[in-house]
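Top to bottom, those sequences are chains X and V. Number 917 marks the last residue of the first sequence (the numbering used here); no jumps. Number 917 marks the last residue of the second sequence (the numbering used here); no jumps.
These are calculated hints, taken from the structure and not from any lab test. Treat the hints with care, as some may be off.
Which copy is meant is left open, so a pair is good if it fits within one copy or across any two.
[Claimed, not checked] Taking lysine to aspartate or glutamate pairs in the DMTMM-like style, the calculated list, with each CA pair at most 25 Å apart, reads: (1) Lys671 / Asp831; (2) Lys542 / Asp777; (3) Lys874 / Asp831; (4) Lys885 / Asp719; (5) Lys652 / Glu781; (6) Lys652 / Asp717; (7) Lys602 / Glu850; (8) Lys652 / Asp620; (9) Lys763 / Glu852; (10) Lys652 / Asp831; (11) Lys617 / Glu757.
Quick caveat: nothing in here was measured; it's all calculated off a predicted structure.
There are 2 protein chains.
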Amino acid sequence: MIPRGFLFSAVEANIKKPGRKDLALIFSESVANVAGVFTTNRIKAAPIILNMKRIRSNKGQAILVNSGNANACNGKRGIMDAIEMSNHVAKYLDIKPSLVYVSSTGVIGTPMPMERIRLKIPELVKRLGGSTVEEVAEAIMTTDKFSKVVKKGIKIKDKDCAIVGICKGAGMICPKMATMLCFIITDVNVDGDILDRELRMAVDNSFNKITVDGDMSTNDMVMIMANGRAENDIINKGSKYLSDFREVLLDVTYELSKMIVRDGEGATKVIEVEVRNAKTKNDAEKCAFAVANSNLVKTAIHGGDSNWGRIMSALGYSGANVNENEIDIMMGDILIVKNGVGTGNDEKANIYLKNKEIKLIIDLHKGSHSTRVLTCDLSEEYIRINASYRS
Amino acid sequence: MIPRGFLFSAVEANIKKPGRKDLALIFSESVANVAGVFTTNRIKAAPIILNMKRIRSNKGQAILVNSGNANACNGKRGIMDAIEMSNHVAKYLDIKPSLVYVSSTGVIGTPMPMERIRLKIPELVKRLGGSTVEEVAEAIMTTDKFSKVVKKGIKIKDKDCAIVGICKGAGMICPKMATMLCFIITDVNVDGDILDRELRMAVDNSFNKITVDGDMSTNDMVMIMANGRAENDIINKGSKYLSDFREVLLDVTYELSKMIVRDGEGATKVIEVEVRNAKTKNDAEKCAFAVANSNLVKTAIHGGDSNWGRIMSALGYSGANVNENEIDIMMGDILIVKNGVGTGNDEKANIYLKNKEIKLIIDLHKGSHSTRVLTCDLSEEYIRINASYRS
């Protein structure tokens with residue numbers, strides 16, 4: 527289930543080390559509407575700076591991606607290299623350079639090995655159609671343990687269309703640690719402004735709700751290309767299929783974000799932190815992220831220790847409006863804290879924590895705002911002392 | 527070198543496990559001026575709530591401390607227990623309960639084993655003078671690998687006085703992970719308001735400049751008792767010895783904070799992050815803490831990898847006003863980044879990073895504000911993958 531009119535290619539350019547595909551191209555046979563969300567880090571990699579300019583046109587036709595080198599903090603040379611990469615691809619594709627986007631991931635501060643990349647671009651273009659989207663997903667991996675691809679069908683009136691996303695996640699999933707790239711392609715015919723708005727909403731409810739986004743890296747980006755080759759009636763503001771499109775797009779980004787969490791370095795469990803009945807949306811998010819980012823909570827869960835005091839402490843320092851005596855906490859179906867005091871269900875909860883998918887539900891009883899955040903546990907030797915601190 | 531008029535006692539109360547002293551008492555023979563800094567966590571342990579009320583009098587005579595149980599999140603019972611502990615001590619000391627402060631550290635959410643504590647308090651009081659300050663420092667340890675005591679002499683006119691501090695630090699020193707307690711005693715005669723102000727200043731330049739303070743625990747506290755038994759001319763606003771007192775007090779707190787960093791779990795190196803020439807004080811602190819709290823920076827330093835891109839990335843997401851092209855970075859004496867671009871000194875810097883005490887100096891060239899923050903490296907198996915990511 528691949529959207530119509532997209533071709534893929536991936537080659538070995540030996541950017542960091544030999545023996546793996548590290549340079550890939552996603553190409554739409556016709557000019558597509560594009561939208562993108564880029565890192566909020568003040569220090570942006572060269573390709574990000576380039577893309578942010580080009581995307582103002584809302585048009586694109588190709589994305590060139592490499593792993594092994596982030597092309598960040600390389601000064602003017604970095605910008606020149608990113609431009610040259612896109613120009614080179616444009617030349618061999620015979621399209622305008624402004625339709626080519628560039629994405630890089632890897633080490634910061636090492637100049638791109640341009641001689642090797644230059645050499646490989648003709649081959650990369652020539653082999654378009656010779657690779658699968660899965661091979662592109664593999665080529666963009668860095669510390670990822672598995673490649674990440676999500677494919678969804680969507681029926682728009684009588685047209686069977688597809689939305690396909692690939693991404694690379696972070697080895698370590700804690701804030702400040704992530705570099706994530708995500709590329710989404712679809713043959714759905716969507717208005718450019720709607721595409722932009724819908725992508726931002728999807729990102730906000732997926733990648734921005736895992737604990738990677740707290741501190742974006744220099745290279746983070748999420749891009750979507752919609753080439754309209756399904757020839758459906760355009761999806762615009764009034765379209766009755768807009769909500770379907772929204773839903774499937776969110777499915778794609780949410781599943782990818784869950785894969786990123788599952789691939790957290792050393793992760794053995796996926797943890798969903800749900801905060802209910804906060805006074806404001808902001809309070810709900812502060813609480814959820816404070817708990818999801820607490821290494822003490824994460825090590826306790828890894829160690830199967832229902833040490834809910836660590837959750838209380840995180841809620842306390844979250845900065846949100848919380849009242850100790852109003853807080854209830856559930857681990858799965860087990861009520862472990864009622865009105866801020868332990869219920870004595872610790873042993874039951876310890877057994878629950880042996881599961882691979884853990885739900886923490888925190889009810890603040892302050893208002894009506896809720897949110898969910900995904901994270902993973904922290905394992906490994908380094909964590910051992912904290913996980914066993916209580917027992 | 528112990529301040530006049532202070533007595534110590536430490537006993538085994540079997541609060542968490544047998545075979546170690548876990549209940550201690552610091553007693554001043556006369557009523558002392560006291561000052562305290564308490565956690566900013568919204569969820570405060572019972573003893574903290576009690577102390578914050580009592581310290582409004584600026585007077586005190588005894589501090590009762592236990593390890594093994596934090597007496598936090600125990601609802602009304604927690605407060606009742608803290609009050610009972612102080613009342614009990616006051617009764618046996620034959621002083622007013624309002625002069626007794628209580629401090630607890632350990633597990634959250636487990637009620638205090640009051641039957642054992644009640645039983646031990648008479649013995650604790652009876653044995654006053656039978657323990658050393660070092661034994662008190664040992665009794666308050668939790669995951670600390672060594673006890674922390676700093677003793678300094680200070681001459682005020684013709685009087686030889688002393689300032690002695692003890693503290694317990696955090697096993698893990700990253701934000702959200704710390705529980706720190708610190709008790710300082712002195713026989714210097716100091717005005718109560720001045721004592722309060724000077725303590726806050728000292729804490730701000732020591733404990734608040736290590737990466738424990740970003741997120742305070744439910745139990746954090748720093749307290750000073752000054753009993754004036756040196757009978758020096760009182761140190762007040764106009765006193766010519768005020769600056770000496772300030773300096774020695776800061777020495778005590780700074781050395782203790784350095785000990786906390788050195789005792790960071792798995793720490794093999796102490797890292798000082800100095801930010802120079804930021805536009806504002808706030809910007810300097812944002813940058814220093816972003817770098818000091820970056821697990822990626824800390825693992826790179828542990829691995830002896832001068833991966834300065836991680837420092838640049840942290841500066842970028844710090845929220846401070848930084849300009850990539852204006853940033854210089856030094857590792858010790860080695861200039862590794864000039865105007866935002868690598869200088870090619872990576873190999874030299876790798877050798878420097880083999881040292882046990884590491885200095886990172888970041889010059890933003892934006893203004894005139896500087897700051898320093900202490901942290902430690904991150905070691906252990908869990909970190910291995912990131913430390914070797916680059917090589």
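Query - Alpha-carbon proximity context of Lys763 and Glu852, limit 25 Å - result: neither (42 Å within a copy, 45 Å between copies)
Query raised in the report: Given a CA cutoff of 25 Å, do Lys602 and Glu850 count as a within-copy pair, a between-copy pair, both, or neither?
Result: This pair counts as between: shortest inter-copy Cα distance 11 Å, intra-copy 53 Å.
Query raised in the report: With identical chains treated as interchangeable, where does the CA-CA distance between Lys542 and Asp777 reach 25 Å or less: within a copy, between copies, both, or neither?
Result: neither (33 Å within a copy, 48 Å between copies)
Query raised in the report: How do Lys652 and Asp620 come out at 25 Å by Cα distance, when the copy is not named: within, between, both, or neither?
Result: within (12 Å within a copy, 92 Å between copies)
Requested in this report: Have a look at Lys671 and Asp831 and pick one of within, between, both or neither, based on CA distance no larger than 25 Å.
Outcome: Between copies, since 23 Å is at most 25 Å while 27 Å is not.
Query - Homomeric proximity label, Lys617 with Glu757: Cα distance no greater than 25 Å - result: neither (28 Å within a copy, 87 Å between copies)
Report task. With 25 Å as the alpha-carbon cut-off, assign the pair Lys885 and Asp719 to within, between, both or neither. Result -> neither (36 Å within a copy, 49 Å between copies)
Query raised in the report: From the Cα coordinates, with 25 Å as the cut-off, is the pair Lys652 and Glu781 best called within, between, both, or neither?
Result: neither (32 Å within a copy, 65 Å between copies)
Query raised in the report: Is it within, between, both, or neither for Lys874 and Asp831, if the alpha carbons may be no more than 25 Å apart?
Result: Cα proximity of Lys874 and Asp831: one copy only (10 Å, versus 45 Å across).
Report task. Please work out whether the CA atoms of Lys652 and Asp831 approach to 25 Å or closer within one copy, between two copies, in both situations, or in neither? Result -> neither (55 Å within a copy, 39 Å between copies)
**Report entry** Status of Asp717 relative to Lys652 across identical chains (alpha carbons, at most 25 Å)
**Finding:** neither (31 Å within a copy, 82 Å between copies)
Hint compliance for this structure: hints 2, 4, 5, 6, 9, 10 and 11 are not met, and every other hint is.
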